[in-house]
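*Asks:* Starting from the given sequences, assemble the full structure and let the hints guide the process.
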Amino acid sequence: MNEFVAPEIDWLALAPLIVVLGAGVVGVLLEAFVPARARRVTQIVLTLAALAGGLAFVVYLWPQIVAQPVQVVGGSVTLTPFALGAQGIIALLAFLGVLVVADRTATGQDAFAPTASAVPGTSYEDLARKSGLEQTEIYPLLLFAAGGMMLFASTDDLIVMFIALEVLSLPLYVLCATARRRRLLSQEAAAKYFLLGAFASALFIFGVALIYGFAGTVRLLEIAQRVQQGALPLEGMSALLVAGVLLVTVGLLFKVGAVPFHAWTPDVYTGAPTPITGFMAACTKAAAVAALVEVLYRISIGVQAVDPEIMRQLQVVVVVVAVLTMAVGTVIGSVQTDVKRLLAYSSIAHAGFLLVGIAGFGPQVQSSTLFYLLAYGIATIGAFAVVTLVRERRVTPGAQEDNGPVADDGVVLGEATEIAQWAGLGRKAPWLTAAFALFLLSMAGIPLTAGFIAKFGAFAGATSGGLWWLAVLGVLASVVAVAFYLRLLVVMVFQPGTVEPDSQAEPVETGVPTSSTGDGGEGPTEGGGVATATKVQVTAAQRVVVTVVRSRGPAAVAIAVCAIATVILGVFPSLVLNLVAEASKFVP
Amino acid sequence: MDITNYVVLAAVLFAVGATTVLLRRNAIVVFMGVELMLNATNLAFVTFARMHGDLTGQVLAFFVMVVAAAEVVVGLAIIVTIFRTRRSASVDDVNLLKG
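For the protein sequence lines, the chains are A and B, in the order given. 1 is the number of the first residue of the first sequence in the working numbering; add one for each residue after it. 1 is the number of the first residue of the second sequence in the working numbering; add one for each residue after it.
Treat the hints loosely; a few may be bogus.
[As the list claims (entries may be wrong)] Covered stretches of chain A (in silico footprint by chain B; criterion: 3 or more residues with CB under 8 Å from a CB of chain B, positions within the stretch not fixed): (1) 114 to 124; (2) 160 to 171.
[Unchecked claim] Cβ pair distances, simulated, as ranges: (3) B/D54 / A/S131: 51 to 61 Å; (4) A/D126 / B/A70: 27 to 37 Å; (5) B/R50 / A/T337: 17 to 27 Å; (6) A/V320 / B/T4: 30 to 40 Å; (7) B/M65 / A/G22: 22 to 32 Å; (8) A/Q64 / B/R84: 49 to 59 Å; (9) B/A70 / A/S131: 29 to 39 Å; (10) A/V320 / B/D54: 41 to 51 Å; (11) B/I28 / A/S574: 49 to 59 Å.
Just so you know, these hints were derived from the structure itself, not from any lab. Glycine residues also receive a C-beta, built at the ideal position from the N, C-alpha and C atoms.
*Replies:* Shown next, in the form of structure tokens:
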């Protein structure tokens with residue numbers, strides 16, 4: 001039709017994305033060209049450097065964007081202070097998450113299978129493990145996921161948002177399937193995440209199609225403008241807009257993990273390798289919530305002007321989802337017996353608290369949401385990092401049972417995720433327990449931690465929109481949530497950790513006999529053997545004790561940084577609050 | 001023929017796909033349901049593009065196709081891995097993680 005006009009591209013504004021995604025591409029090439037011995041170190045250095053570089057560019061761009069938001073490539077990337085802030089938070093959280101991923105701990109093994117494609121329990125898998133293979137592809141995958149999340153949070157174009165959604169999801173599906181231990185659970189988590197995730201993205205894209213049909217464009221700001229001006233190609237078809245916005249919102253709420261689209265969360269968080277769970281829980285939530293805020297707010301500008309009734313219905317949907325999410329997250333979370341599941345339900349509850357803030361459609365929502373995402377993200381990554389260090393160890397009675405990193409007689413197995421197994425952890429590893437307690441208190445929203453300021457901001461957002469009762473419900477749900485965090489704390493600190501050898505020898509309690517593979521794939525899985533794959537074999541002469549393995553550095557650094565940041569954000573919140581306050585200006 | 005019929009067809013195909021995802025037990029068939037939903041979306045995009053006399057919708061259909069292809073790669077890899085482990089692709093057998 002027309003002549004091709006080359007677009008003007010502000011490359012500098014795209015720099016954070018280009019650095020992260022470009023490093024992902026370079027990482028794939030490294031897989032081919034770097035010798036196997038050097039590959040892991042190279043990949044880790046590249047990944048951390050890319051995320052740090054992305055963060056540095058965000059910091060560099062910040063004053064410019066605060067002064068004047070820019071649209072790049074005709075709005076495909078829209079950098080407002082909110083979007084840039086979300087990018088920075090995602091890069092920071094991904095950096096901390098990769099530190100945890102990179103830690104091999106004192107056992108010398110990372111959390112990933114030597115070859116994820118090997119069938120669990122086969123000789124091929126044994127061979128791969130013995131020859132010390134490692135899957136260093138996880139680092140480029142992490143970079144792609146992080147880059148997709150950063151794009152997801154900062155676009156105005158629904159199609160770009162859809163592509164970013166897939167760029168962040170597809171690597172995560174793969175990463176979920178790569179756990180070194182409990183591989184069947186890991187594969188199952190990946191399958192569930194994939195099928196439900198693909199379903200949600202199909203709903204999202206059909207919603208985009210309906211919105212396109214209604215407005216003739218997929219740019220959120222243009223949609224809002226056209227709705228306001230009444231310049232619509234299809235008159236009187238506002239049902240298309242309502243259905244489209246609902247479907248898009250459902251797709252986003254799925255990624256956020258809000259009820260009733262939360263069913264995958266506990267399973268995937270439990271089955272995925274724990275460092276990946278931490279990364280996923282913190283960064284995906286940040287990206288999805290940021291995208292949800294952008295979509296809802298930009299659409300609401302147009303809708304509010306034309307038909308306040310539709311706007312009210314949209315708000316009712318968000319409010320109902322927020323209430324359900326808080327209720328399910330806190331109530332079902334309080335009866336969990338597995339630490340990872342408990343943290344998963346805690347993440348659902350936090351999605352609810354975030355939605356409470358968003359539902360007010362108040363003026364300060366952007367800044368309070370950013371602060372919440374940061375506070376929640378650092379506590380989550382720290383908590384899952386602690387989970388990676390609390391392990392099961394197989395010992396033979398009579399051998400001295402110390403609390404050192406790895407005793408000679410015992411093989412360190414997978415993570416000890418039963419809450420009961422965490423009894424007495426306070427005595428075995430006081431510092432680690434203190435850090436974990438701090439993260440739990442922050443998630444519970446106890447004053448002097450980051451979580452308190454974050455929750456205060458979210459509930460203030462609801463009241464500023466006139467939803468007093470919703471804020472009150474949020475406070476009530478927080479109180480219930482405090483109960484289940486405290487339950488875990490009490491087990492860790494006050495219950496004695498000594499376990500009766502007799503009860504430990506019970507196969508039902510500690511593990512169903514399957515095969516003698518110490519780590520890695522547990523057991524043959526044909527026929528009725530499926531249920532045994534979650535446990536490891538413990539012969540009658542042996543038992544499993546809980547031990548804390550020593551970090552080789554990166555995870556300890558991540559935990560320390562998260563703990564310090566949690567305290568600093570709680571005691572001196574104004575440092576960050578002043579920064580994120582800029583995010584509420586220039587709301588388009 | 002009225003062009004809105006294509007929109008109705010797209011909606012019907014989408015509903016069939018969604019029903020397949022929710023009701024069928026075989027992971028491959030569930031996945032086919034997702035693909036049907038994506039293709040219904042493509043039909044809707046192209047129809048709306050025709051209605052608006054605007055090429056954007058047709059271009060968007062290409063993006064959706066590429067994404068669908070990428071999804072097939074990852075999805076089939078995961079389903080085949082599970083099948084090799086368990087000799088079954090039924091979503092009912094995948095029940096170690098109880099929600």
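*Asks:* Please test the hint of 29 to 39 Å on the beta carbon pair from B/A70 and A/S131.
*Replies:* holds (31 Å)
*Asks:* Is it true that B/I28 and A/S574 lie within 49 to 59 Å of each other by Cβ?
*Replies:* About 55 Å separates the Cβ atoms of B/I28 and A/S574, which means 49 to 59 Å holds.
*Asks:* Just to make sure I understand the rule, a stretch counts as covered if three or more of its residues have a C-beta closer than 8 Å to a C-beta of the chain. Does the stretch 114 to 124 of chain A meet that for chain B?
*Replies:* Our answer is that it holds, as 4 residues pass the Cβ test (under 8 Å) against chain B, meeting three.
*Asks:* Check the following: the C-beta atoms of A/Q64 and B/R84 are separated by a distance inside 49 to 59 Å.
*Replies:* At 52 Å between Cβs, range holds.
*Asks:* Given that the stretch 160 to 171 of chain A was listed as covered by chain B, double-check it with a C-beta distance under 8 Å for 3 or more residues.
*Replies:* Result for this restraint: holds, n = 4.
*Asks:* Regarding A/V320 and B/D54, is the given constraint of 41 to 51 Å on their beta-carbon distance met?
*Replies:* violated (36 Å)
*Asks:* Falls inside 22 to 32 Å, the C-beta gap from B/M65 to A/G22?
*Replies:* holds (25 Å)
*Asks:* Should the hint that B/R50 and A/T337 are 17 to 27 Å apart at their CB atoms be regarded as holding?
*Replies:* Violated, at about 56 Å.
*Asks:* Using the beta carbons of A/V320 and B/T4, state whether their distance is inside 30 to 40 Å or not.
*Replies:* holds (32 Å)
*Asks:* Indicate whether the distance between the beta carbons of B/D54 and A/S131 respects the range 51 to 61 Å.
*Replies:* Cβ of B/D54 to Cβ of A/S131: about 57 Å, so the range 51 to 61 Å holds.
*Asks:* Take a look at whether the Cβ-Cβ distance between A/D126 and B/A70 falls inside 27 to 37 Å.
*Replies:* holds (33 Å)
When held up to the earlier numbered hints, the structure conflicts with 5, 10 and fits the remainder.
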